[in-house]
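Novice: Single-letter residue listing:
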Amino acid sequence: GNSVTQMEGPVTLSEEAFLTINCTYTATGYPSLFWYVQYPGEGLQLLLKATKADDKGSNKGFEATYRKETTSFHLEKGSVQVSDSAVYFCALSDHGGSQGNLIFGKGTKLSVKP
Amino acid sequence: EAGVVQSPRYKIIEKKQPVAFWCNPISGHNTLYWYLQNLGQGPELLIRYENEEAVDDSQLPKDRFSAERLKGVDSTLKIQPAELGDSAVYLCASSVSRDSYEQYFGPGTRLTVT
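So the sequence lines, in the order shown, correspond to chains Y and S. When we follow my numbering, the leftmost residue of the first sequence carries the number 1, and every step to the right adds one. When we follow my numbering, the leftmost residue of the second sequence carries the number 115, and every step to the right adds one.
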C-alpha cells in the first residue's frame with residue numbers, strides 16, 4: 001500500500017541555519033506530493049505541493065522537488081526563522097480510486113532558536 | 115472567509131461514555147474528511163464525504179464509531195462507547211471537491227478518555 005516516511009524529529013536549529021527534512025514515499029502509480037505545516041495551537045495548512053515528477057513546489061522560502069527516481073520529496077529552506085517552529089508533515093495523494101485521500105508521514109517537529 | 119470550525123476543542127470523558135464531535139466546513143466545500151491523529155503520528159483518514167454521501171469509510175471502526183453529514187454541510191462524528199485507546203485528536207477537513215489538491219483543516223478536538 002501507499003506510505004510516507006519522514007525523518008524523525010525533533011529538529012533543533014539556530015536562526016538562519018539551513019533546513020532539510022527528508023521524506024520518501026511508496027506508492028503505486030504517480031501520486032501528488034504535499035508538505036503540510038502545523039503551527040502551535042492551529043490546524044494543518046498546506047505549505048507546498050507538486051503534482052508530477054520533477055515539479056518543484058515552493059512557498060514562504062520553503063522548497064521541495066518531486067524526485068521519481070528516488071521516490072523522495074525533501075523539504076528545504078535556506079535560512080530558517082523562529083517563526084518557522086512547527087510540525088511539518090509530508091503527505092501523498094494517489095490518483096486512483098481514493099483520489100483526494102491524503103496519506104501522511106508521522107511529522108517532524110522543528111524548533112528554531114534565536 | 116471563515117475556516118473549518120470544530121467543537122468542542124477539548125473533551126474529557128470516562129470510558130464507556132458516548133461522545134460527539136461537530137464540524138462546520140468552509141462554505142461551498144463539497145468534500146469533508148474526518149481524520150484521527152494519535153500523539154506523535156500523522157493524521158489517518160476515518161471517513162470522507164462527497165456532499166452528504168459517505169464515499170470512503172473503510173477505516174472507520176463501525177462497531178463504535180458513526181458519522182453523518184446531513185444536507186451535505188455540517189458533520190458529526192460519534193463514538194459510543196468510548197475506550198481508553200480512543201484518546202487522540204479528531205480533525206475535520208474540507209475541500210472544494212475530491213479533485214482539489216488542498217484540504218483545509220480545522221483545529222481539531224482533543225479527546226481524553228479516562
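It is worth saying that the hints were derived from the structure and are not from the lab. Cβ atoms here follow ideal geometry from the backbone N, Cα and C, with glycine treated the same way. Some hints here could point you the wrong way.
[Unchecked claim] Just the calculated beta-carbon pair ranges, DEER-fashion:
1) Y:Gly29 with S:Gly186: 27 to 37 Å
2) S:Asp177 with Y:Lys56: 39 to 49 Å
3) S:Lys130 with Y:Lys113: 20 to 30 Å
4) Y:Glu69 with S:Asn152: 31 to 41 Å
5) Y:Arg67 with S:Arg224: 31 to 41 Å
6) Y:Thr51 with S:Gly117: 44 to 54 Å
7) S:Asp177 with Y:Lys113: 45 to 55 Å
8) Y:Asp54 with S:Ala134: 41 to 51 Å
9) Y:Gly78 with S:Val187: 14 to 24 Å
10) Y:Arg67 with S:Ile126: 24 to 34 Å
11) Y:Ser85 with S:Glu167: 32 to 42 Å
Novice: If you check each hint against the structure, which ones fail?
Specialist: Hints 3, 6, 9 and 10 not satisfied by this model.
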